[in-house]
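**Student:** Chains as they are written, first to last, in my numbering: chain A, 1 to 300; chain B, 1 to 300.
Please note that the accuracy of each hint is not assured.
Claimed, not checked - With beta-carbon atoms standing in for the labels, derived distance ranges:
| # | chain 1 | residue 1 | chain 2 | residue 2 | range |
| --- | --- | --- | --- | --- | --- |
| 1 | B | Asp235 | A | Phe134 | 48 to 56 Å |
| 2 | A | Arg102 | B | Leu45 | 37 to 45 Å |
| 3 | A | Gln178 | B | Asp297 | 52 to 60 Å |
| 4 | B | Glu269 | A | Asp213 | 55 to 63 Å |
| 5 | A | Gly110 | B | Lys107 | 15 to 23 Å |
| 6 | A | Glu176 | B | Glu170 | 43 to 51 Å |
| 7 | A | Gly64 | B | Glu141 | 21 to 29 Å |
| 8 | A | Asp95 | B | Gln250 | 25 to 33 Å |
| 9 | A | Pro34 | B | Asp261 | 34 to 42 Å |
| 10 | B | Asp14 | A | Gly101 | 19 to 27 Å |
The hints are simulated quantities; they were obtained by calculation from the structure and are not laboratory data.
Each residue gets a CB set at the ideal place from its N, CA and C atoms; glycine is no exception.
There are 2 protein chains.
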Amino acid sequence: MDKPMHDLRQYLADRRRLVDAALDRYSAGPDWPPRLAEAMRYSLLAGGKRLRPILVIAAAELFGLTANDVMPTACALEMIHTYSLIHDDLPCMDDDDLRRGRPTCHKVYGEAMAVLAGDALLTQAFAVMAEQAFVERVGPERALRAVAEVARAAGAAGMVGGQVEDLEWEGRRAGETQLRRIHSLKTGALFRAAVRAGGLLAGAADADLERLDRYAAQFGLAFQIWDDVLDVAGDAAKTGKGVGRDAKQQKSTYVSLYGLDEARRRAREAAAEACDALSVYGENGWVLRSLAEYVVDRES
Amino acid sequence: MDKPMHDLRQYLADRRRLVDAALDRYSAGPDWPPRLAEAMRYSLLAGGKRLRPILVIAAAELFGLTANDVMPTACALEMIHTYSLIHDDLPCMDDDDLRRGRPTCHKVYGEAMAVLAGDALLTQAFAVMAEQAFVERVGPERALRAVAEVARAAGAAGMVGGQVEDLEWEGRRAGETQLRRIHSLKTGALFRAAVRAGGLLAGAADADLERLDRYAAQFGLAFQIWDDVLDVAGDAAKTGKGVGRDAKQQKSTYVSLYGLDEARRRAREAAAEACDALSVYGENGWVLRSLAEYVVDRES
Chain A
1 MDKPMHDLRQ YLADRRRLVD AALDRYSAGP DWPPRLAEAM RYSLLAGGKR LRPILVIAAA
61 ELFGLTANDV MPTACALEMI HTYSLIHDDL PCMDDDDLRR GRPTCHKVYG EAMAVLAGDA
121 LLTQAFAVMA EQAFVERVGP ERALRAVAEV ARAAGAAGMV GGQVEDLEWE GRRAGETQLR
181 RIHSLKTGAL FRAAVRAGGL LAGAADADLE RLDRYAAQFG LAFQIWDDVL DVAGDAAKTG
241 KGVGRDAKQQ KSTYVSLYGL DEARRRAREA AAEACDALSV YGENGWVLRS LAEYVVDRES
Chain B
1 MDKPMHDLRQ YLADRRRLVD AALDRYSAGP DWPPRLAEAM RYSLLAGGKR LRPILVIAAA
61 ELFGLTANDV MPTACALEMI HTYSLIHDDL PCMDDDDLRR GRPTCHKVYG EAMAVLAGDA
121 LLTQAFAVMA EQAFVERVGP ERALRAVAEV ARAAGAAGMV GGQVEDLEWE GRRAGETQLR
181 RIHSLKTGAL FRAAVRAGGL LAGAADADLE RLDRYAAQFG LAFQIWDDVL DVAGDAAKTG
241 KGVGRDAKQQ KSTYVSLYGL DEARRRAREA AAEACDALSV YGENGWVLRS LAEYVVDRES
């Protein structure tokens, strides 16, 4: 990667600005109860890296669309991610008080409102994705394929299924196979859906979608291993959550399985494999490749 | 209505059988965690009148499609209805132990699983609706209009918004305007989406959609007033829930506002107006008209 020519930091800042503006528009409606809208926006507009929307955008750009062409789907992925955090933080689930350095949604708005804010965000994600059909260069057929892709990844065979398995293994030490399975469902499925949806909306061929899929699977693995690394070796002021939480919860992590150094090595290996999957695109693949490198270099 | 020629009871039994079989297929997947699938199916396949799917079907049939043509959307509406019941019953919401005469989902599977079963049903509803595009006589364009319609009705400007307003009025006596608003959002929006989606999928013209909308609004009102009547004057063995729950919860109802006789009269008036909205279709409109009459005659 040619650093002076390709500035990932600038790219991320630009795309994040577009995404944040669109999320702001998509998370308000004239008939929404004000307190509900407030709770939804409290969690949705709390910053965050916007990784999933940016993966949608970068994949679509690789095949000739612009960020604005795929903005509805990009924002839908962030809404689904946010709803899952709100519900995961509930007292009956992980019972977390802090998220991104701020009190969690139910701490501020109460449990009932947090459940409903999550429900409304998930529903709004699909309302917004339906708008994707009106982008001329996308059209209803590709838009619906993206809806199917995202819904599958977010549901019982994907993210929600992963959360269920995670809860079922609570208090027990999962082995490597089970740990990989939980993460590939709980966080990996949505990363894959983001990258694949970007490709689908842009009309990428099956061979391209397969490459994107290989990239996204390794990207997700790298991301998750690095998350576990940050939980042990990260700076709480930067990650916005307590350090050592996984160990306290007796959870298996990649660090508890491999040790810190080996976990770091495996994260970087996965990132390298993600990059390899896109080598055929040469220079054009720089954003997705740089994103994979960024993920195993981040401090939060 | 010519009773000997048109047998609503037979119609309902036939369509319910089709809907139940499709719901059974749509609520299972090879990769779903078994306990999650069980919790979803416990609530989804617990019987029930299947009114929303049947409204989708009846509206689509009026414009030349068959029940099977619109089965994905019909089932999606029931999944969304069921998820909303599971979440509404949670301890942090209405805290109900019984539903359709059986322990509620969280009583059987625990709170965390109930939240996730609801999330998975809502997500699966949209996965299933995406399949609607593959019905040749429907196609992706109409399928996406139906997705938009259903998502809007289920979200912050519809059902979830209504649940929020309902919670906000808890313990206070809402006046007639507020009561109508809460119900038109909380239950009315999904009835309207069901009927309109049926019409949209069948390619009904705007004037037809307007008639369907007027029908559905009055249908929803009739349904809700009658629900309040059953809460006071119903037979607990038939309704499957306790009698007098609304009064205990200090909730405004149509009965507390109007008295029992006047509430009955208004329910029947709304049903008659629903029928009037479809008079232009003559004989072809018999199913939807009979459904409106059934709603203010039911014992559960």
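**Student:** For the hint 25 to 33 Å, verify it against the beta carbon of Asp95/A and that of Gln250/B.
**Tutor:** Check passed, 31 Å falls within 25 to 33 Å.
**Student:** Using the C-beta atoms of Gly110/A and Lys107/B, is the stated range 15 to 23 Å upheld?
**Tutor:** holds, 22 Å
**Student:** Using the beta carbons of Gly64/A and Glu141/B, state whether their distance is inside 21 to 29 Å or not.
**Tutor:** holds, 23 Å
**Student:** How does the Cβ-Cβ distance of Glu269/B and Asp213/A compare with 55 to 63 Å: does it lie in that range?
**Tutor:** holds, 57 Å
**Student:** So the hint says 34 to 42 Å: do the beta-carbon atoms of Pro34/A and Asp261/B match that?
**Tutor:** For Asp261/B against Pro34/A, whose Cβ atoms are near 38 Å apart, the range 34 to 42 Å holds.
**Student:** Is it true that Asp235/B and Phe134/A lie within 48 to 56 Å of each other by Cβ?
**Tutor:** Holds, at about 50 Å.
**Student:** Taking the Cβ atom of Asp14/B and the Cβ atom of Gly101/A, is their distance within the range 19 to 27 Å?
**Tutor:** violated, 57 Å
**Student:** With respect to the beta-carbon atoms only, verify the hint that Gln178/A and Asp297/B lie 52 to 60 Å apart.
**Tutor:** Cβ of Gln178/A to Cβ of Asp297/B: about 54 Å, so the range 52 to 60 Å holds.
**Student:** Against the range 37 to 45 Å, how does the distance between the Cβ atoms of Arg102/A and Leu45/B compare: consistent or not?
**Tutor:** Holds, since Arg102/A and Leu45/B (Cβ atoms, about 40 Å apart) stay within the stated range.
**Student:** Check the following: the C-beta atoms of Glu176/A and Glu170/B are separated by a distance inside 43 to 51 Å.
**Tutor:** Hint holds: Cβ distance 48 Å, inside 43 to 51 Å.
In this structure, only the earlier hint numbered 10 is contradicted, and the remaining ones agree with it.
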